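**Student:** So the sequences go chain by chain: A and B. According to the numbering used here, the first sequence is numbered sequentially starting from 46. According to the numbering used here, the second sequence is numbered sequentially starting from 46.
Just so you know, the hints here were simulated from the structure itself, not pulled from any lab data. Some hints could be false.
Residues of chain B placed beyond 12 Å of chain A at every Cβ, according to the derived structure [to be verified]: (1) Arg-57; (2) Ser-110; (3) Ala-174; (4) His-185; (5) Thr-244; (6) Arg-267; (7) Arg-312; (8) Gly-351; (9) Leu-356.
Straight-line distance between alpha carbons at most 30 Å, and here's what the computed BS3-like set of lysine-lysine pairs gives [to be verified]: (10) Lys-155/B to Lys-179/B; (11) Lys-155/B to Lys-155/A; (12) Lys-155/B to Lys-335/A; (13) Lys-179/A to Lys-155/A.
Note that the structure is predicted; figures quoted are calculated from it, not measured. Glycine included, every Cβ here is placed at the ideal spot set by N, Cα and C.
There are 2 protein chains.
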Amino acid sequence: MSAALPSFDDIRDAAARIAPHATLTPVMRSDALDAMVGAQLHFKCENLQRGGAFKFRGACNAVWSLTDEEAARGVVTHSSGNHGNALAIAAATRGIAAHVVVPEGAVRAKLDAIEQAGAILHRCAPTIAAREAKAAEIQHATGAVMVHPYADTRVMAGQGTAVLELMQQCEGLDALMTPIGGGGLSAGCSIAAHGIRPTLAIYGAEPEGAADAALSLVHGARIDPFTPHTICDGLRALIGESNLDALRTHHVDIITVSDEETITAMRQLWQALKLVVEVSSATVFAAVLKQREHFAGKRLGLVLTGGNVDLDALPW
Amino acid sequence: MSAALPSFDDIRDAAARIAPHATLTPVMRSDALDAMVGAQLHFKCENLQRGGAFKFRGACNAVWSLTDEEAARGVVTHSSGNHGNALAIAAATRGIAAHVVVPEGAVRAKLDAIEQAGAILHRCAPTIAAREAKAAEIQHATGAVMVHPYADTRVMAGQGTAVLELMQQCEGLDALMTPIGGGGLSAGCSIAAHGIRPTLAIYGAEPEGAADAALSLVHGARIDPFTPHTICDGLRALIGESNLDALRTHHVDIITVSDEETITAMRQLWQALKLVVEVSSATVFAAVLKQREHFAGKRLGLVLTGGNVDLDALPW
Numbered sequence: 046m047s048a049a050l051p052s053f054d055d056i057r058d059a060a061a062r063i064a065p066h067a068t069l070t071p072v073m074r075s076d077a078l079d080a081m082v083g084a085q086l087h088f089k090c091e092n093l094q095r096g097g098a099f100k101f102r103g104a105c106n107a108v109w110s111l112t113d114e115e116a117a118r119g120v121v122t123h124s125s126g127n128h129g130n131a132l133a134i135a136a137a138t139r140g141i142a143a144h145v146v147v148p149e150g151a152v153r154a155k156l157d158a159i160e161q162a163g164a165i166l167h168r169c170a171p172t173i174a175a176r177e178a179k180a181a182e183i184q185h186a187t188g189a190v191m192v193h194p195y196a197d198t199r200v201m202a203g204q205g206t207a208v209l210e211l212m213q214q215c216e217g218l219d220a221l222m223t224p225i226g227g228g229g230l231s232a233g234c235s236i237a238a239h240g241i242r243p244t245l246a247i248y249g250a251e252p253e254g255a256a257d258a259a260l261s262l263v264h265g266a267r268i269d270p271f272t273p274h275t276i277c278d279g280l281r282a283l284i285g286e287s288n289l290d291a292l293r294t295h296h297v298d299i300i301t302v303s304d305e306e307t308i309t310a311m312r313q314l315w316q317a318l319k320l321v322v323e324v325s326s327a328t329v330f331a332a333v334l335k336q337r338e339h340f341a342g343k344r345l346g347l348v349l350t351g352g353n354v355d356l357d358a359l360p361w
Numbered sequence: 046m047s048a049a050l051p052s053f054d055d056i057r058d059a060a061a062r063i064a065p066h067a068t069l070t071p072v073m074r075s076d077a078l079d080a081m082v083g084a085q086l087h088f089k090c091e092n093l094q095r096g097g098a099f100k101f102r103g104a105c106n107a108v109w110s111l112t113d114e115e116a117a118r119g120v121v122t123h124s125s126g127n128h129g130n131a132l133a134i135a136a137a138t139r140g141i142a143a144h145v146v147v148p149e150g151a152v153r154a155k156l157d158a159i160e161q162a163g164a165i166l167h168r169c170a171p172t173i174a175a176r177e178a179k180a181a182e183i184q185h186a187t188g189a190v191m192v193h194p195y196a197d198t199r200v201m202a203g204q205g206t207a208v209l210e211l212m213q214q215c216e217g218l219d220a221l222m223t224p225i226g227g228g229g230l231s232a233g234c235s236i237a238a239h240g241i242r243p244t245l246a247i248y249g250a251e252p253e254g255a256a257d258a259a260l261s262l263v264h265g266a267r268i269d270p271f272t273p274h275t276i277c278d279g280l281r282a283l284i285g286e287s288n289l290d291a292l293r294t295h296h297v298d299i300i301t302v303s304d305e306e307t308i309t310a311m312r313q314l315w316q317a318l319k320l321v322v323e324v325s326s327a328t329v330f331a332a333v334l335k336q337r338e339h340f341a342g343k344r345l346g347l348v349l350t351g352g353n354v355d356l357d358a359l360p361w
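Let's have the full structure, built from the sequences with the hints guiding it.
**Tutor:** Below, the structure is given as structure tokens:
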């Protein structure tokens with residue numbers, strides 16, 4: 046599960062490719078949150094992206110990178126979360142088929158959203174092996190192109206466009222932070238950020254119970270297997286091989302946060318920004334709060350990754 | 046409790062006056078919500094205004110309309126809700142004192158916010174008479190200028206700037222809708238809208254349990270006393286005298302909605318727009334949903350009035 050890292054040019058190409066389809070998301074600020082940290086925080090609101098998450102960027106870039114011949118056979122992925130939904134919406138923008146493999150027991154509301162976007166659902170047993178086998182079976186039967194959630198060059202390039210935009214929207218940032226799950230966003234954003242300003246400080250936020258990227262950096266190699274335990278459902282994926290390389294190359298400094306810290310941060314974000322952001326997104330603000338002496342006086346860009354929340358089960 | 050209605054020029058002056066202090070709030074859209082209604086909905090996001098509500102516009106215009114001599118004596122109001130908070134923040138932008146009379150039993154979090162903004166709290170018994178008496182006492186003792194939440198020309202002019210902005214941000218609207226409480230927003234917005242386009246259709250949304258404006262229009266005169274019963278805490282005020290005149294003059298068509306319809310609409314707004322909006326704000330979407338045949342195919346501007354929500358007590 047490795048994929049070549051995109052170049053800065055790949056990210057610029059991705060930005061042009063997705064521009065007709067993606068939302069230019071706003072950057073929001075809050076005096077109250079700035080005061081809590083003693084820094085200037087610039088929140089890139091990917092919860093306002095199509096499909097409610099940054100994932101649309103990568104999926105859309107992948108879909109529109111295909112030749113007409115490839116596209117005609119459709120795309121396939123195994124993700125019941127934001128990536129599955131994003132790929133369904135992206136495929137619809139090109140009028141092609143999207144196959145999404147979902148494990149038994151996935152949240153009904155998420156599956157409804159994926160189906161509503163026009164994708165074909167394929168059920169399988171709730172194991173990684175079953176999901177991969179099912180996806181391979183569909184690839185074989187239909188010729189559909191696999192679009193992996195993060196170990197995919199096109200996907201990483203697409204995710205990087207979030208920071209390309211952010212750095213155009215607010216100049217003079219001192220530092221940048223994204224959450225770290227599989228590492229598609231953090232890899233793409235690191236490459237984008239250093240393509241623009243090679244000296245920018247880059248941080249990642251990771252839940253303590255899913256800190257495989259932080260551990261892998263210390264350990265010097267990817268830790269696998271690893272069983273994550275965190276409320277941050279968007280950050281349970283293990284860091285990809287080349288994604289880890291990108292973190293190393295770009296000197297990404299990882300700050301780990303407890304779920305309790307993240308939930309507190311999530312509530313503070315809702316209260317101050319008046320935005321619905323999902324728990325995984327709140328790790329970045331939790332990390333800044335935790336290390337506030339370190340960030341004091343800085344201009345910080347933070348990516349709020351998504352807003353797909355079960356409003357009947359808020360974590361506080 | 047009557048006040049002269051502002052002119053269109055008053056509203057334009059207010060826009061210039063508050064520009065250095067107020068947020069130019071975004072207009073948001075959602076394909077999902079458009080599809081539910083079969084219309085094009087443009088949401089003016091006043092939940093993203095300073096203090097989390099449109100109320101800052103009116104309070105800020107009032108504060109900056111004062112002569113230096115008046116300003117030196119401060120301002121006073123009786124409101125434990127968004128207006129009290131807005132006046133506190135507005136007074137701080139001019140560095141003057143704000144006195145806010147609050148009834149015993151008001152929500153602690155709201156009082157904390159008002160104090161944090163720098164205002165002086167004055168407690169009184171939880172009756173209208175006690176609040177007015179206390180405010181009069183403070184006026185007498187300090188010379189502070191009373192800034193009524195809605196029966197105030199400067200406040201109405203300030204609220205009207207929300208629609209001035211909205212109509213600059215999206216051209217070609219067919220209709221406009223705001224919630225109706227005391228009528229500061231609906232009066233100001235009606236005057237602003239018809240100043241720009243005299244034929245624009247204007248609607249108001251009112252909770253069934255606080256439909257004193259709708260009843261007053263039918264009855265031909267202001268109904269008072271009237272005891273409101275609604276979950277929409279921002280819409281319990283009775284319509285002001287001149288505010289009612291404005292609704293009549295501008296042929297504002299009122300649609301009443303049940304609290305149940307409003308709560309459903311609130312949840313749908315959160316889900317689709319990823320925005321935290323308060324229950325009073327959701328009346329406008331509830332009204333559009335209820336009358337969807339009437340609005341089919343139209344371009345509609347809706348004011349989302351605020352985002353100050355108790356996140357521990359969501360109504361669904």
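**Student:** Let me make sure I understand: some of the numbered hints might not hold for this structure. Which ones are they, in numerical order?
**Tutor:** 7, 8, 9, 11
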